[in-house]
Amino acid sequence: MAIVDFSAVTMQYGRGPAALTDVSFAVRASAFTLLLGPSGAGKSTLLKLVLAMERPQAGTIRVAGRDIHRLRRASIPYLRRNVGAVFQDFKLLPEATPLENVALALRVLGASSREIEARAGHALERVELDPKIRRPSRCLSGGEQQRVAIARALAGDPAILLADEPTGNLDPRLTLEILEVLAAVRRSGTTVILATHDPHVRDRVEFTQELHLRGGRVVLDTATEPEEAVA
Amino acid sequence: MAWLRALRAFGHAVRRGFQGMRESPKVQLLAVSTTAVCMLLLGGVMLVWVNVQSVVMHWGIDVPLTIYLRDDVPEEELAPWVARLAALPEIERIERVEPAAAMQRLAEGLGDRPELLEGITPELLPATIEVFVAPAAEPGFVEALAERVLEHPAVEDVALAGAWADRATRLLDTLGRLVVGVAAAVAFASVAILWSTIRLAVYARRSEIHILRLVGGTASFVRGPFLVEGACQGALGAGVALALLHLGFDALQPYLRDGLAFAFAAGSLRFFTEPELVAGILFGAGLGLLGSRAATGRYVEA
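First to last, the sequence lines map onto chains D and U.
Numbering-wise, the numbering used here puts 101 at position 101 of the first sequence, and it's gapless, one number per residue.
Numbering-wise, the numbering used here puts 1288 at position 288 of the second sequence, and it's gapless, one number per residue.
Wrong hints could be hidden among the right ones.
[What the hints assert, rightly or not] Result set (SDA-like, lysine to any residue): computed pairs, CA atoms no more than 20 Å apart in a straight line:
#, chain 1, residue 1, chain 2, residue 2
1, D, LYS132, D, GLU95
2, D, LYS91, U, ILE1209
3, D, LYS91, U, SER1207
4, D, LYS91, U, GLU1301
[Claimed, not checked] Over the 10 Å line for every Cβ pair with chain U, so calculated as not near, a few chain D residues:
#, residue
5, SER112
6, ARG214
7, LEU220
Since the hints were made in silico from the structure, they are not lab data.
In this text, a Cβ means the ideal position worked out from N, Cα and C, and glycines have one as well.
Extracted from the complex, chain D is given alone in its bound form (with noise of 0.2 Å):
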């Protein structure tokens, strides 16, 4: 069963040209996709709409069987909870502590400060980071800091990671240890949509399907088409 199903999705920002062209494609639950295509093929643009932060103006999208379309402005918040999403730039505060940041997630969910730090605790240990490190953010190395946004984005249990150039800023060996957290993820059932215009991330994980991208469309997917077909 499709976890995030596109069809026919065109977006465009303002009068410029358009950031995605007739994109169609499922992602199944469970599956690890990596989301490949140069700079400006269109990727972030592709994320930013499941995370429903764009809306596209033509095509539907379903993200863990919610119409985006058909979103209240004030349901967006729980589709959300629903999709973690971590950033080449980690997004996170650089004074709070690693706990901190991630119990951010769990704070909007109302979770009570005893609860708030058990789950927030076993997320870092989930990304093998010790809950205890009371340094603010900022002091960690930059796969340090990458793995507190993923177990940000995993506290809450989501049900799709989607993770944007996470290895952009990170030299290889870090960028090693992240993907195998993200494969850890993706272990564990939770869907993981990795983005990346490195090449290479392809030939270091362990993924499910592959959808490349270029000037705005989809030009391979392999969970439709066999990948020579289209070389």
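Given chain D's structure and the hints, the job is docking chain U onto it.
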């Protein structure tokens, strides 16, 4: 449980709101002090207004017609006549003031000079009927009524507030309109001040707002701390203004009493009552809420 989650969200809003205020003490000081200046202006005008009203009531200017009754009129004769009088469409209401009540009023009016009442007993004072006329009554109605009333055997005399009382009432109305105007101007200025400080806070915490939206924070959850901050700034501003006003009032009161003893008879010069003070602080908090709600706008929405 939804109510428990709402309670926790409220707790978060209060904690984060206060934390936000601690993070930028200079901005808070600026917001509170400028709001206090605005509120001081409003409080000053309102204080003048309530005291002028108090003087008017003390003088009885607000009672257009007072009927003095004879002592020997039996109640069964008086009651139907009073009822007929009260039923006139031009009359808003009437109040019967018995000698004991009149004596009490007199004593209250003299305040700390009770020696002036020595030897006077309630029996010496006449029973009266105070007639309050409806605003829609035609000009000249009170005078015509007074002439007719004077013919009644139960009536000893009548007293009209007179034209000067009309002027005083008009002055009171003008002052009332001025209070409303100043209140509107102060409300606008305060909301604008609080809007700009909360806007600064929103800008300073834009990363946090972005993250909260990303992890599924609802608009009310994200906005909550800013509302708390704005309400606190408004309430503090109003509180500071009222405290300053109280200090000023205490300092000026002896001079006003001595200099304007004729107008401000003992007991008629007053500061705001406790409910009025609470209302003032709530008014400030309300303006803060309005300002912060406008400052966060759609920025906090998904």
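Query raised in the report: Can the restraint linking LYS132 of chain D and GLU95 of chain D be considered satisfied, given a maximum Cα separation of 20 Å?
Result: Since the Cα atoms of LYS132 of chain D and GLU95 of chain D sit roughly 16 Å apart, the hinted pair holds (cutoff 20 Å).
Query raised in the report: Are the Cα atoms of LYS91 of chain D and GLU1301 of chain U separated by 20 Å or less?
Result: holds, 18 Å
Query raised in the report: Under the criterion that the straight-line Cα-Cα distance not exceed 20 Å, is the pair LYS91 of chain D, ILE1209 of chain U satisfied?
Result: holds, 11 Å
Query raised in the report: So is ARG214 of chain D really clear of chain U, every C-beta pair being over 10 Å apart?
Result: holds, 27 Å
Query raised in the report: Any Cβ of chain U at or closer than 10 Å to LEU220 of chain D, or is the non-interface label fine?
Result: holds, 29 Å
Query - Satisfaction of hint between SER1207 of chain U and LYS91 of chain D, Cα-Cα up to 20 Å - result: holds, 8 Å
Query - Least C-beta distance from SER112 of chain D to chain U larger than 10 Å - result: Non-interface label on SER112 of chain D violated, nearest chain U Cβ at 7 Å vs cutoff 10 Å.
Against the hints set out earlier in the document, a violation occurs for number 5 only.
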